[in-house]
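Line by line, the protein sequences give chains A and B. Each step along the first sequence adds one to the number in my numbering, with nothing skipped, and position 2 is 2. Each step along the second sequence adds one to the number in my numbering, with nothing skipped, and position 62 is 62.
Simulated from the structure, these hints should not be mistaken for lab results. If you're wondering where the values come from, they're calculated on a predicted model, not measured in any experiment. All residues carry an ideal CB built from backbone N, CA and C; glycine is no exception. One should not assume that every hint holds.
Derived DMTMM-like pairs: lysine to aspartate or glutamate, alpha-carbon spacing no greater than 25 Å straight-line [what the hints assert, rightly or not]:
#, chain 1, residue 1, chain 2, residue 2
1, B, K177, A, E30
2, A, K54, B, E15
3, B, K95, B, E15
4, A, K98, A, D87
5, A, K54, B, E70
In silico negatives: residues of chain B with every beta carbon more than 12 Å from chain A [to be verified]:
#, residue
6, V94
7, K95
8, H125
9, A131
10, L137
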Amino acid sequence: MSADGHHDINYVRVYLILLALLFVSIIGPEIGIQAVTLFTAFGVALIKAYLVVKNFMHINVSPRYVTYLCATTLVFMLLFFAGTAPDVMNATGDNWRKPLWEADAAAWAAGDHSDPRAPDGAAPAHH
Amino acid sequence: MPTGLLAVWWVIASEIVIFGGLLASYIMHRLAHDAWQIQSANTNTTIGAFNTFVLLTSSLTAVLGHQAAEKGNGKKAARFLVFTFIGAITFTCVKAYEWSTEIAHGYTITSNTFWSFYYTAAGLHALHVIAGAIIMLFVARKAAKNIDLHHVELIGVYWHFVDVVWIFLFPLLYIAK
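Can you build the whole structure from these sequences, using the hints too?
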């Protein structure tokens with residue numbers, strides 16, 4: 001192994017693994033099972049990102065503070081999510097309501113799945 | 001660690017907050033609105049998958065360019081950077097075709113919140129692709145003359161980050177329907 005530890009990586013092999021994972025993420029949703037879709041879409045995305053960050057960006061052979069730096073910003077992002085999600089994801093709270101959201105949710109629950117942008121309220125235009 | 005590389009990592013750390021916040025907002029709204037699945041059904045998975053393939057391939061050429069630069073082979077490094085540049089141009093052209101098709105179908109940034117997120121996230125990412133492509137040309141030009149070969153690694157690390165952002169945008173905008 002070289003001094004900085006990343007010369008031994010077979011980049012073409014990593015690339016082929018990434019392509020295989022891309023194929024899995026496309027095929028997964030075709031099975032039609034939600035859990036499989038979630039894993040093949042987002043689980044595989046996490047694996048792909050890990051492979052790129054480790055093997056192409058060489059974060060594992062960079063000084064440890066680089067990992068800490070990126071991890072800190074990720075933690076701040078999660079704090080942002082945790083802090084805002086309770087308000088954003090609910091239609092009502094203790095002292096507030098979102099009437100438009102409630103109307104949308106009621107229409108959806110009543111079976112109104114029309115796409116306002118589709119011609120004449122028809123089914124969505126797949127292209 | 002060289003100062004330039006440290007600076008690139010600082011940029012990436014700040015970009016994580018920018019793109020992370022945007023994607024976190026998207027996820028919140030996507031989970032809160034069942035109706036968004038109707039809108040997201042209109043994005044073209046084939047185009048999204050092709051662009052993912054293009055970016056992954058350009059990441060490979062970028063890291064091979066870095067490898068060549070570390071061996072002191074500036075001409076080879078420059079050649080790989082040009083391949084990466086071609087990938088960036090391909091990505092941008094495909095994105096332009098995709099957007100023009102969607103706009104022609106009436107899906108614009110003001111259509112509704114889903115499309116606002118779609119164009120903002122994909123547009124911000126596309127700007128990073130264009131910026132990276134321009135910088136890459138300058139670095140390749142110098143690398144071909146064996147000047148500042150360490151810059152090949154800097155633009156490479158940035159480019160891989162752009163790839164990682166797309167790796168998360170792809171399932172969010174094209175797969176989760």
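Restraint status (C-alpha distance of K98(A) to D87(A) at most 25 Å): 10 Å, holds
K95(B) and chain A, when compared Cβ to Cβ, separated by more than 12 Å: At about 15 Å from chain A, K95(B) clears the 12 Å cut-off, so the statement holds.
Non-interface label on L137(B), tested against every C-beta of chain A at 12 Å: 20 Å, holds
Separation of A131(B) from chain A, once the least beta-carbon distance is taken, above 12 Å: 18 Å, holds
Hint consistency between K54(A) and E15(B) [alpha-carbon to alpha-carbon, up to 25 Å]: Between K54(A) and E15(B) the Cα gap is close to 18 Å, so the pair holds against 25 Å.
Agreement of K177(B) and E30(A) with the hint, judged by alpha carbon distance not exceeding 25 Å: Roughly 11 Å between the alpha carbons, so the hint for K177(B) and E30(A) holds.
V94(B) and chain A, when compared Cβ to Cβ, separated by more than 12 Å: Its Cβ never comes within 12 Å of chain A, the nearest being 14 Å, so this holds.
Separation of H125(B) from chain A, once the least beta-carbon distance is taken, above 12 Å: 14 Å, holds
K54(A) paired with E70(B) [C-alpha distance capped at 25 Å]: Within the cut-off at roughly 18 Å; holds.
Satisfaction of hint between E15(B) and K95(B), Cα-Cα up to 25 Å: 21 Å, holds
Of the numbered hints given earlier, the model fails none.
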